[in-house]
Amino acid sequence: MTTTIDTDKGVAERAMGIGLRGLNWLAGSDLLDRIRIRKGVERALFQGTKQGFRTATVAGRTFKAAQQLGKPARQSRSRSKGLFDLTPDDEQAMFQEAGRAFAAEKIRPAAKAADDERVTPPEILAQATELGVAMLGVPAELGGVMEEGAATAATLIGEALAHGDMGIAYAALAPGAVATAIGLWGSAEQEATYLPSFTGEDVPAAALAMIEPRPLFDPLALKTTARRDGGDWVLDGAKSLVARATQCELFLVAAEAEGVGPALFVVESGTKGLAIEDEPAMGLRPAATGRLILEGARVPATAILGDGARSDYLECVARARIAWSSLAVGTAGAVLDYVIPYVNERQAFGEPISNRQGVAFGVSDIGIEANGMRLATYRAASRADRGDDFAREAAIARRLCAEKGMKIGSDGVQLLGGHGFVKEHPVERWYRDLRSAGVMEGALLV
Amino acid sequence: MINLEIPKKYKPLAIQANQVATEVFRPISRKYDEAEHAYPKELDMLASLIDGMNEGSDLGGAGAAGVRRSSNGSDPGENRNGSNLSTVLGIIELCWGDVGLLLSMPRQGLGNSAIASVATEEQLERYGGRWAAMAITEPEAGSDSAAIRTTAERDGDEYVLDGEKIFVTSGDRADLIVVWATLDRSKGRAAIKSFIVERDNPGLKLDRLEHKLGIRASDTANFILQDCRVPKEALLGDPEVKEKGFAGVMETFDNTRPLVAAMAVGVTRAALEETRRQLASAGVEVDYDTPALSQSAAAARFLEMEADYEAAWLLTLQAAWMADNSKPNSLQASMAKAKAGRTCVDVTLGCVELCGAVGLGESELLEKWARDSKILDIFEGTQQIQLLIVARQLLGKSSAELR
Numbered sequence: 001m002t003t004t005i006d007t008d009k010g011v012a013e014r015a016m017g018i019g020l021r022g023l024n025w026l027a028g029s030d031l032l033d034r035i036r037i038r039k040g041v042e043r044a045l046f047q048g049t050k051q052g053f054r055t056a057t058v059a060g061r062t063f064k065a066a067q068q069l070g071k072p073a074r075q076s077r078s079r080s081k082g083l084f085d086l087t088p089d090d091e092q093a094m095f096q097e098a099g100r101a102f103a104a105e106k107i108r109p110a111a112k113a114a115d116d117e118r119v120t121p122p123e124i125l126a127q128a129t130e131l132g133v134a135m136l137g138v139p140a141e142l143g144g145v146m147e148e149g150a151a152t153a154a155t156l157i158g159e160a161l162a163h164g165d166m167g168i169a170y171a172a173l174a175p176g177a178v179a180t181a182i183g184l185w186g187s188a189e190q191e192a193t194y195l196p197s198f199t200g201e202d203v204p205a206a207a208l209a210m211i212e213p214r215p216l217f218d219p220l221a222l223k224t225t226a227r228r229d230g231g232d233w234v235l236d237g238a239k240s241l242v243a244r245a246t247q248c249e250l251f252l253v254a255a256e257a258e259g260v261g262p263a264l265f266v267v268e269s270g271t272k273g274l275a276i277e278d279e280p281a282m283g284l285r286p287a288a289t290g291r292l293i294l295e296g297a298r299v300p301a302t303a304i305l306g307d308g309a310r311s312d313y314l315e316c317v318a319r320a321r322i323a324w325s326s327l328a329v330g331t332a333g334a335v336l337d338y339v340i341p342y343v344n345e346r347q348a349f350g351e352p353i354s355n356r357q358g359v360a361f362g363v364s365d366i367g368i369e370a371n372g373m374r375l376a377t378y379r380a381a382s383r384a385d386r387g388d389d390f391a392r393e394a395a396i397a398r399r400l401c402a403e404k405g406m407k408i409g410s411d412g413v414q415l416l417g418g419h420g421f422v423k424e425h426p427v428e429r430w431y432r433d434l435r436s437a438g439v440m441e442g443a444l445l446v
Numbered sequence: 001m002i003n004l005e006i007p008k009k010y011k012p013l014a015i016q017a018n019q020v021a022t023e024v025f026r027p028i029s030r031k032y033d034e035a036e037h038a039y040p041k042e043l044d045m046l047a048s049l050i051d052g053m054n055e056g057s058d059l060g061g062a063g064a065a066g067v068r069r070s071s072n073g074s075d076p077g078e079n080r081n082g083s084n085l086s087t088v089l090g091i092i093e094l095c096w097g098d099v100g101l102l103l104s105m106p107r108q109g110l111g112n113s114a115i116a117s118v119a120t121e122e123q124l125e126r127y128g129g130r131w132a133a134m135a136i137t138e139p140e141a142g143s144d145s146a147a148i149r150t151t152a153e154r155d156g157d158e159y160v161l162d163g164e165k166i167f168v169t170s171g172d173r174a175d176l177i178v179v180w181a182t183l184d185r186s187k188g189r190a191a192i193k194s195f196i197v198e199r200d201n202p203g204l205k206l207d208r209l210e211h212k213l214g215i216r217a218s219d220t221a222n223f224i225l226q227d228c229r230v231p232k233e234a235l236l237g238d239p240e241v242k243e244k245g246f247a248g249v250m251e252t253f254d255n256t257r258p259l260v261a262a263m264a265v266g267v268t269r270a271a272l273e274e275t276r277r278q279l280a281s282a283g284v285e286v287d288y289d290t291p292a293l294s295q296s297a298a299a300a301r302f303l304e305m306e307a308d309y310e311a312a313w314l315l316t317l318q319a320a321w322m323a324d325n326s327k328p329n330s331l332q333a334s335m336a337k338a339k340a341g342r343t344c345v346d347v348t349l350g351c352v353e354l355c356g357a358v359g360l361g362e363s364e365l366l367e368k369w370a371r372d373s374k375i376l377d378i379f380e381g382t383q384q385i386q387l388l389i390v391a392r393q394l395l396g397k398s399s400a401e402l403r
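Protein sequence lines correspond, in order, to chains Y and H. Mapped onto our numbering, the consecutive letters of the first sequence carry residue numbers 1 to 446. Mapped onto our numbering, the consecutive letters of the second sequence carry residue numbers 1 to 403.
Just so you know, these hints were derived from the structure itself, not from any lab. Where is the CB? At the ideal position from N, CA and C, for every residue including glycine. Some hints here could point you the wrong way.
For each label pair, taking beta carbons as the anchor points, the in silico distance ranges come out as [as the list claims (entries may be wrong)]:
1) Y/Val58 to H/Pro12: 57 to 67 Å
2) H/His211 to Y/Val422: 48 to 58 Å
3) H/Pro12 to Y/Ala188: 21 to 31 Å
4) Y/Asp337 to H/Lys8: 34 to 44 Å
5) Y/Glu141 to H/Pro12: 48 to 58 Å
6) H/Ala297 to Y/Glu189: 43 to 53 Å
Coverage of chain Y stretches by chain H, computed from C-beta distances (three or more under 8 Å per stretch; other residues unrestricted) [unchecked claim]:
7) 203-210
8) 332-346
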């Protein structure tokens with residue numbers, strides 16, 4: 001396939017175009033109608049895949065190297081003035097605003113059905129692509145829209161979309177993780193082969209598959225292996241909770257590589273030895289999570305991402321934790337925004353329940369901890385953009401989002417009482433999703 | 001552009017403050033914890049040094065330079081890192097040294113902050129450069145400061161103060177006491193004013209000094225005010241009785257809450273750093289790449305505490321940054337105070353638990369920090385008061401609706 005890049009335009013113009021496109025279609029379009037029509041088709045597709053226990057991966061497109069640069073292109077580090085600043089710059093603010101509008105007007109209204117049916121409407125995925133979410137991490141030379149500051153922008157978008165719905169955000173952002181990884185650590189050839197698909201309109205379903213189905217999963221102690229065989233790598237193992245697994249055309253698989261250590265491998269869906277098992281989970285249901293099984297999956301020597309450096313892999317783990325933290329921050333914000341009007345309107349003992357400290361303090365704690373989670377996540381992301389080490393900050397954001405995020409999810413249900421437990425209100429979904437965000441590894445990147 | 005790192009321009013300030021903490025505070029930290037009520041004379045020289053630095057430096061001690069929001073003619077849209085942020089940074093370092101000693105710093109009292117914030121030019125001239133303590137709390141009025149009973153009656157060119165004040169930090173050592181009193185109890189909070197009382201005023205009698213759980217280096221005085229006469233010029237701010245007056249007084253707390261949060265952050269960091277050292281000597285290193293639950297329980301606990309510390313620190317910086325940029329920060333100031341206060345208590349106590357007998361024993365400062373920390377979740381608005389302020393703001397409720 002071919003993709004076109006507006007090479008005449010500068011990066012900023014391209015970015016602005018994308019943001020405006022995003023805001024423009026929100027203003028008025030027949031989108032809602034289209035979503036209703038095509039939903040049926042998608043549902044039929046989904047039922048088809050659900051019935052077989054194990055399905056093959058899709059055949060997928062052929063990825064061919066386009067014009068190749070001599071050395072891999074990379075995004076620059078940010079040129080911050082160095083002052084403490086909590087205001088996004090113009091580019092980041094544009095993505096944030098477009099993301100918020102998209103989440104409020106398109107994602108939230110679709111969230112319940114997407115959760116029930118375990119599918120994200122394709123229109124929503126297409127609209128997310130229009131927002132540029134798949135190419136945030138693509139270097140500008142290769143048609144990306146961000147010259148710098150992409151991790152923070154991705155964090156702001158993740159937060160914004162997850163305020164609409166975490167599962168849909170996961171489905172929409174998953175392909176971008178593959179592009180970001182290739183843009184950060186891929187070889188010139190890998191960039192030339194795969195990145196052009198992510199800057200066009202027909203972005204492939206793709207997934208960074210890291211977490212495995214076992215307790216105490218540690219991304220540094222993978223059970224999935226890559227052994228050398230002749231000039232090839234042969235992969236064996238299982239990867240959990242892969243977004244839209246049955247549709248993925250491209251996987252980045254984390255495996256313990258013989259003589260290398262943990263590393264990422266580019267695996268195209270047409271590779272022999274791949275199978276998908278449906279893996280429905282407590283949360284993230286709109287992402288139609290599946291398990292990727294690798295049984296003697298043979299890939300060429302060049303499939304290892306970049307040069308397989310351990311530092312790249314560690315950075316990948318940390319960036320994924322920031323990404324999941326950003327989603328937790330978004331959903332925590334959704335809980336806060338939802339419980340405030342509820343407790344103000346709900347009457348008990350002759351007055352709004354929010355007049356009672358026992359209720360009101362619960363709201364305060366959600367506000368305080370969500371704010372702390374947000375700042376810690378922003379700090380980790382901005383350090384990544386500056387080129388500073390950020391393993392500690394990512395670990396801390398993850399810790400806060402796993403613990404306080406879950407508490408917020410639980411308190412959100414608690415504040416609504418029995419009403420929180422039933423599906424008439426979204427808080428039970430956020431409860432399930434916030435548990436998921438604290439558990440996930442890999443899958444998304446900033 | 002979003003950036004949550006401390007700007008380079010504040011590095012010298014932080015290093016300077018850390019040196020004071022390391023070289024002056026830490027060596028005498030245990031001494032004045034044991035010698036409660038003894039005056040830490042080592043601080044006199046330091047205070048003079050800081051007076052000098054306040055002229056041209058940002059090392060503002062405990063924020064006594066005040067929190068006036070001055071416009072300096074810069075572009076209002078321009079991001080600013082100013083005195084609120086630098087003061088917070090300085091306090092964090094100094095309280096990493098010793099919070100009780102910081103509270104005992106001559107001329108760095110809360111009263112100085114109030115004077116610097118709201119005094120007229122004449123009052124600044126008259127009272128500037130002297131050590132001022134703050135007397136708000138009464139036996140029957142703590143968090144509910146609008147309920148104070150100390151009265152101020154106008155008598156010719158004087159006001160006559162009568163009542164009882166407790167928990168006055170540096171009350172025995174200061175030159176001046178800023179006393180909150182009501183002009184008319186029937187008019188509620190609108191009638192509450194603050195008055196500058198000379199420490200040697202014969203109507204101001206020291207009742208006793210408290211013996212405390214922590215911050216024992218800092219003296220905490222109780223006073224009886226009996227026919228305590230002050231000139232009418234001693235009334236701080238506007239003498240008119242109007243509702244907004246009290247709001248103005250309370251607004252100064254929006255600016256001092258981040259400073260107390262900063263104290264809590266400093267103590268928390270001290271405990272975490274020492275505990276990290278102690279754990280390392282026991283063979284436990286915290287790994288940021290491996291998931292917390294795949295590490296030892298001690299490492300996982302440490303990570304959890306460090307995460308709370310980071311949140312408290314960032315919330316404090318956020319509140320200060322907003323003040324520097326003239327953004328209303330009452331909500332964030334209370335969030336910072338609430339989070340930092342409870343984190344400081346939880347973490348210092350957790351560190352003692354992790355370090356066992358070493359944590360409990362007086363050979364290290366961990367047990368002291370675990371005693372000092374508790375007041376930080378109480379003074380300048382308790383945890384519960386902060387939660388109340390946060391809740392009212394988030395829920396859009398008045399103090400009549402959410403009491």
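How the hints compare with the structure:
1. About 59 Å separates the C-beta atoms of Y/Val58 and H/Pro12, a value consistent with the hinted range of 57 to 67 Å.
2. Under the hint 48 to 58 Å, the C-beta atoms of H/His211 and Y/Val422, about 55 Å apart, fit the expected range.
3. In this structure the supplied range 21 to 31 Å is violated for H/Pro12 paired with Y/Ala188, their Cβ-Cβ distance being about 44 Å.
4. The hinted range of 34 to 44 Å is satisfied by Y/Asp337 and H/Lys8, whose Cβ atoms lie roughly 37 Å apart.
5. Our hint of 48 to 58 Å for Y/Glu141 and H/Pro12 is violated, since their Cβ atoms are close to 40 Å apart.
6. For the pair H/Ala297 and Y/Glu189, the beta carbons lie near 46 Å from each other, so the given range of 43 to 53 Å is met.
7. Counting residues of the segment 203-210 of chain Y whose beta carbon lies closer than 8 Å to any beta carbon of chain H gives 0, which falls below the threshold of three, so the coverage claim is violated.
8. With 4 residues having a beta carbon nearer than 8 Å to a beta carbon of chain H, the segment 332-346 of chain Y meets the requirement of three or more and the stated coverage holds.
The structure fails hints 3, 5 and 7 (numbered hints given earlier, in ascending order).
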